[in-house]
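*Asks:* Given the coordinates of chain U, assemble chain L onto it according to the supplied hints.
Listed below are the residues making up each chain.
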Amino acid sequence: MDLIDNLALGFSTALTFANLAYAFAGVLIGTLIGVLPGIGPIATLAMLLPMTYSLEPTSALIMLAGIYYGAQYGGSTTAILVNLPGESSSVVTCIDGYQMARRGRAGAALATAALGSFFAGTVGTLILAALALPMVELAFKFGPAEYFSLMVLGLIGAVVLASGSLVKAIAMIVLGLLLGLVGTDVNSGVARFNFDVPELADGIGFVSVAMGVFGFAEIIANLEHKGQRQVFTDKVGKLLPNRKEFMDAWPAVLRGTALGSVLGVLPGGGALLAAFAAYTVEKKVTRNPDPPFGQGNIRGVAAPESANNAGAQTSFIPMLTLGIPPNAVMALMVGAMTIHNIQPGPQVMTSNPSLFWGLIASMWIGNLMLVVLNLPLIGIWVQLLKVPYRLLYPAILVFCCIGVYSINNNSFDVLMTAAFGALGYLFYKLRCEPAPLILGFILGPMMEENLRRAMLLSRGDPTVFFTRPLSLTLLLMAAALVVIVALPQISRTREEAFHEVD
Amino acid sequence: MQIRDAKDFWSGVMFAGFGVFFVVFARQYDMGTAARMGPAFFPTMLGGLLLLLGAVVAIRGLTAQTKDGRVDRFHFKPLAFVLGAVVAFGLLLRPGGLLVSLAALVMISSFGSDEFRLRDVLLLTVFLAVLVMIVFIYGLGMTVPVLPVFLRD
Numbered sequence: 001m002d003l004i005d006n007l008a009l010g011f012s013t014a015l016t017f018a019n020l021a022y023a024f025a026g027v028l029i030g031t032l033i034g035v036l037p038g039i040g041p042i043a044t045l046a047m048l049l050p051m052t053y054s055l056e057p058t059s060a061l062i063m064l065a066g067i068y069y070g071a072q073y074g075g076s077t078t079a080i081l082v083n084l085p086g087e088s089s090s091v092v093t094c095i096d097g098y099q100m101a102r103r104g105r106a107g108a109a110l111a112t113a114a115l116g117s118f119f120a121g122t123v124g125t126l127i128l129a130a131l132a133l134p135m136v137e138l139a140f141k142f143g144p145a146e147y148f149s150l151m152v153l154g155l156i157g158a159v160v161l162a163s164g165s166l167v168k169a170i171a172m173i174v175l176g177l178l179l180g181l182v183g184t185d186v187n188s189g190v191a192r193f194n195f196d197v198p199e200l201a202d203g204i205g206f207v208s209v210a211m212g213v214f215g216f217a218e219i220i221a222n223l224e225h226k227g228q229r230q231v232f233t234d235k236v237g238k239l240l241p242n243r244k245e246f247m248d249a250w251p252a253v254l255r256g257t258a259l260g261s262v263l264g265v266l267p268g269g270g271a272l273l274a275a276f277a278a279y280t281v282e283k284k285v286t287r288n289p290d291p292p293f294g295q296g297n298i299r300g301v302a303a304p305e306s307a308n309n310a311g312a313q314t315s316f317i318p319m320l321t322l323g324i325p326p327n328a329v330m331a332l333m334v335g336a337m338t339i340h341n342i343q344p345g346p347q348v349m350t351s352n353p354s355l356f357w358g359l360i361a362s363m364w365i366g367n368l369m370l371v372v373l374n375l376p377l378i379g380i381w382v383q384l385l386k387v388p389y390r391l392l393y394p395a396i397l398v399f400c401c402i403g404v405y406s407i408n409n410n411s412f413d414v415l416m417t418a419a420f421g422a423l424g425y426l427f428y429k430l431r432c433e434p435a436p437l438i439l440g441f442i443l444g445p446m447m448e449e450n451l452r453r454a455m456l457l458s459r460g461d462p463t464v465f466f467t468r469p470l471s472l473t474l475l476l477m478a479a480a481l482v483v484i485v486a487l488p489q490i491s492r493t494r495e496e497a498f499h500e501v502d
Numbered sequence: 503m504q505i506r507d508a509k510d511f512w513s514g515v516m517f518a519g520f521g522v523f524f525v526v527f528a529r530q531y532d533m534g535t536a537a538r539m540g541p542a543f544f545p546t547m548l549g550g551l552l553l554l555l556g557a558v559v560a561i562r563g564l565t566a567q568t569k570d571g572r573v574d575r576f577h578f579k580p581l582a583f584v585l586g587a588v589v590a591f592g593l594l595l596r597p598g599g600l601l602v603s604l605a606a607l608v609m610i611s612s613f614g615s616d617e618f619r620l621r622d623v624l625l626l627t628v629f630l631a632v633l634v635m636i637v638f639i640y641g642l643g644m645t646v647p648v649l650p651v652f653l654r655d
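So the sequences go chain by chain: U and L.
Mapping of the first sequence onto our numbering: position 345 corresponds to residue 345, and the numbering continues sequentially without gaps.
Just add 502 to the spot in the second sequence (first one is 1) and you have our numbering.
Simulated from the structure, these hints should not be mistaken for laboratory data.
Do not rely on the hints blindly, as some may be mistaken.
Claimed, not checked - Taking lysine-lysine pairs in the BS3-like style, the calculated list, with each CA pair at most 30 Å apart, reads:
#, chain 1, residue 1, chain 2, residue 2
1, L, K579, U, K429
2, U, K386, U, K429
3, U, K244, U, K284
4, L, K579, U, K386
What the hints assert, rightly or not - Listed next, the stretches of chain L that the computed footprint assigns to chain U, with coverage defined by at least 3 CB atoms under 8 Å from CB atoms of chain U:
#, segment
5, 553-565
6, 589-599
7, 616-626
Every residue, glycine too, gets a C-beta built ideally from N, C-alpha and C.
Bound conformation, chain U alone:
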């Protein structure tokens, strides 16, 4: 069977000593940074990206994937122990997880999160492996018009499912697209918007944008809200859930996994949406919850944690097979691939099978490491939460700055990152979510390229996007999404869903 052969190839790549070591390092460092409150997976990935530049592409991606779920899991640990979500997708974990911690069941909550995540990660990886081939075959039917429409759908999907104002999110995407266009235009060779700065001829560094807008802006924002951290360090309690907790948790894990796997593939989906949806579903399906949700019900930890990990896994599907990142984290992965001269898209699987399947296999290994690593090491993460922020952030800044510099051995990139830090802080103050910006930034050049090609092929006739059936379908889906969300009753539910936890 093809799938078995492919997975065998994947495991033979992922199980080399070096790649195991990189996966391990990724998971470890990812958790380490992810545990720090206020630093989510996007910021963590942006900060650690430069570390992987010197590696060969397969190892680099394996390590980055490890960093991603490490960061995600680290965020849950913080959510449970400190009631501070390290990242948006563990916001819901805070609600019941922290209450469990207050009642001395932190250990059970952490173990449930870890085991649920592992189970969900395993399922997610299998789905990814199974869907990869058919998706790639579909992708080869795509022409430039279809790609353009797909990106429109992806971008619209990303904002529809994100929280906050719809128009502002679309504006952030467009701004991202425009920033992505800075630099030499591939078709004409003209350097655009570079203002005669030679460093801008290759465009704005993608790490500068990500690290500035997410990393630096978050650090500044964290310094504003100083202080009230309450760590439940001394009573993590027994790790194993008791019988009742276990019986409550496993159906929730199954539901969370199923929901997360589906939502992860959707544009704009992924971990955040999956966690929110899973929590809402648990509240709906559970009759007479004991204890009630919001007061430490283990389902409120098990379901969102499984869902966000399943979603994290399956959101790799559109990225790996179509080259279209469904969310900001995947946009960072695309950026990382491009830096290693791999153009993400359906051809990766055929031209670089060991990278493709190796990455998939390493995801499962990474998830396994996460369990093995986190349960015994919880004590260390707890200690880390005790380090005062005033000592942590200068250290984080040091690693960020050295990282940015090392990409091109260029101080200009460091200054650029500072500028985007200021812009990111402005976004934060104006409540403009930065995630759509990074998605647009990555897609900008791709979108322009496909638009140009499609228009060239149609001799300047813009109706090509509506006359090709596949392209039309994609655009209609995008339009339907906007209409649905704009409907008054839906938009109210959407607001509620996102504000329930505030």
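*Replies:* Then chain L, alone, in the frame of chain U:
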């Protein structure tokens, strides 16, 4: 007219500003035709769209019914010290070498916190300098000047 939701209003102004910026600066490049788009085509399109979206957001900021429309206070202290430290690092790295610029980064950025303690900051600087030397210089073999210009051979 009164600004109801200042966050939205100023977001709109910001977006519109960026839109105008890109449209104006795209004018120096070739528009091309729809079939053969020049370098100015896509940016002009997007810039126009951004201007439009910005206008919508700003107008909604003027008319929206909201209780919580005020823009939170800007905390210029952490902003200035954190980003100032990063800029100092960038400017000092080539002439001053890694150790000098790292010390500047750690010390300047530490002023951004309300709980500045000199002893801790000095210890942290030394600790990070040693760590960075081990990890980046000896471990990863990064090529960056370590010492200031006048101390190099």
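*Asks:* Can you list which hints this structure breaks, lowest number first?
*Replies:* Every hint satisfied by this model.
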